[in-house]
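Line by line, the protein sequences give chains A and B. With positions in the first sequence counted from 1, the corresponding number in this note's numbering is that position plus 1. With positions in the second sequence counted from 1, the corresponding number in this note's numbering is that position plus 1.
Don't read these hints as lab results, they were simulated from the structure. Hints are supplied without guarantee of correctness; some may be wrong.
The list treats identical chains as one, so a pair stands whether inside a single copy or across any two.
[To be verified] List of simulated lysine to aspartate or glutamate pairs, EDC-like, C-alpha gap at most 20 Å: (1) 141 - 225; (2) 88 - 52; (3) 212 - 179; (4) 97 - 203; (5) 78 - 46; (6) 156 - 92; (7) 241 - 179; (8) 156 - 46; (9) 78 - 197.
In this text, all values refer to a predicted model and were calculated from it rather than measured experimentally.
Number of protein chains: 2
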Amino acid sequence: MSISKNQLKVITSLSQKKYRQKHNLFIAEGIKVVNELLNSSFEIDTLFATDDFNVAISSDKICRISDKDLQKISSLKTPNKVLGLFKISDEKPLNKTGLTVVLDCVNDPGNLGTIIRLCDWFGVSQLICSKDTVDCYNQKVVQASMGSLKRVSIKYIDLEPYLKETELPTYIADMDGENVYKTKLPNEGILIMGNEANGVSETIKSLIKNKISIPRFGNTKETESLNVATATAILLSEFKRGL
Amino acid sequence: MSISKNQLKVITSLSQKKYRQKHNLFIAEGIKVVNELLNSSFEIDTLFATDDFNVAISSDKICRISDKDLQKISSLKTPNKVLGLFKISDEKPLNKTGLTVVLDCVNDPGNLGTIIRLCDWFGVSQLICSKDTVDCYNQKVVQASMGSLKRVSIKYIDLEPYLKETELPTYIADMDGENVYKTKLPNEGILIMGNEANGVSETIKSLIKNKISIPRFGNTKETESLNVATATAILLSEFKRGL
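Here chain A stands alone, though its shape is the one from the complex (with noise of 0.2 Å):
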């Protein structure tokens, strides 16, 4: 069998924002990225895979191609045997308790992956990203995520209400915040991650009363500040290391 123009025509097309909400679909690749969404509530809409690729699915759903014809359509630089649609999942409601990750503006779908991966790890189990912030069903990220996709609930909403109305104890990061090794952290919590560049934005820093930093240890002030995806590695630790 071989792919479709039309279905070579939709595959291309997922590699924008606007055609993934059209269509509802997005793409994973690989046999461990798809095997992990295959075993999730995320429902496949169909599997493109090469023969030696099994897989227990309802043959209507898959669609045996050719190495050359994954090669077409893959966008990684070795294709691994499988690329799967899979439908996008209706955002879960807000969770108001526990702990969670707060993303404003994040533009690098690699520090999105690796954040994702980060909360599956440490028990996060809510992130929320201004709207600003770059697609979880982008490519990359989902690449990136590791399978953490299915386990970790992302939701897209306007920051600027939710932290109003929130009860819960809130942190931003910031280069100017205080020692986060010296700082008393809750359980339950929101941890306020901002722009690669920028930060957080000047509206979400006026709403919040604590910020925290990573302290530098290192002689220098020349010192590039540390990644987006680093610092939340680090004060996820923090927030979790006490438990």
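Assemble chain B onto chain A, guided by the hints.
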């Protein structure tokens, strides 16, 4: 002025380690990284810069080029005014005190760049790499390290004799290690991080008593292990947080 054929050939060849070693040169791009390296012990060989890049160096070291020529030699999506050829500096002598990070076969340039930045942030002045770790003068490493390259001493050596001889306490990051949050860490010591897929090699593991791990807080064992750069961030934070 435009780039000579010979210059173009040299620049292109520097994407390969053997030619970096032959010419004893490496490439850095963009205003920020180039300026950081100009203000360091790295010696400049030649700067290729557009007319709007201002810099106070001897005119025989600078070659003014057009945007089009910069585009031709740049490996960035958006070239940023300047590409510099710097001389590879001699490795510094081994420092036997303080906190040292050791990398055993880390392959990804982005990971190495992030780890160099982390060493800089946490005041780790020495990074020791196995000979099969990606070259720190690889262009992607140089760009990802954001100028931290000049502040961290990086050495490529055989790990086995070094680790056999050291008198410092040594720690391996290992999934089956002791909970790092419950481990008393020393001020001086060696932290060993392993390959992205396989962790630390068995030979090295057999030499080291202390194994530490970052506990997983999520409910599922399916969660992919933390990325090596993220794990290094959390472990360095643990070494330093009590100081």
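Quick rundown of the hints versus the structure:
Only between protomers do residue 141 and residue 225 lie at most 20 Å apart by alpha-carbon distance; the minimum there is 17 Å, versus 25 Å within a single protomer. When the C-alpha separation of residue 88 and residue 52 is checked against a cutoff of 20 Å, the pair qualifies neither within a copy, at 23 Å, nor between copies, at 51 Å. In this homomeric assembly, residue 212 and residue 179 come within 20 Å of each other (Cα to Cα) only inside a single copy, at 6 Å, whereas the closest approach across copies is 32 Å. Proximity of residue 97 to residue 203 under the C-alpha cut-off of 20 Å is found in neither arrangement, the shortest distances being 24 Å within a copy and 45 Å between copies.
Taking the shortest alpha-carbon separations for residue 78 and residue 46, neither the intra-copy value of 24 Å nor the inter-copy value of 34 Å comes in at or below 20 Å. For the identical chains of this complex, residue 156 and residue 92 are intra-copy neighbours only, at 6 Å inside a copy versus 48 Å across copies, given an alpha-carbon limit of 20 Å. Taking identical chains as interchangeable, the C-alpha atoms of residue 241 and residue 179 lie at most 20 Å apart whether they share a chain (18 Å) or sit on different chains (16 Å). With identical chains, the CA atoms of residue 156 and residue 46 are never at most 20 Å apart, being 22 Å at best within one copy and 50 Å at best between copies.
When the C-alpha separation of residue 78 and residue 197 is checked against a cutoff of 20 Å, the pair qualifies only between copies, where the shortest distance is 18 Å, while the shortest distance within a copy is 26 Å.
Going down the numbered hints, you'll see the structure goes against 2, 4, 5 and 8, while the others check out.
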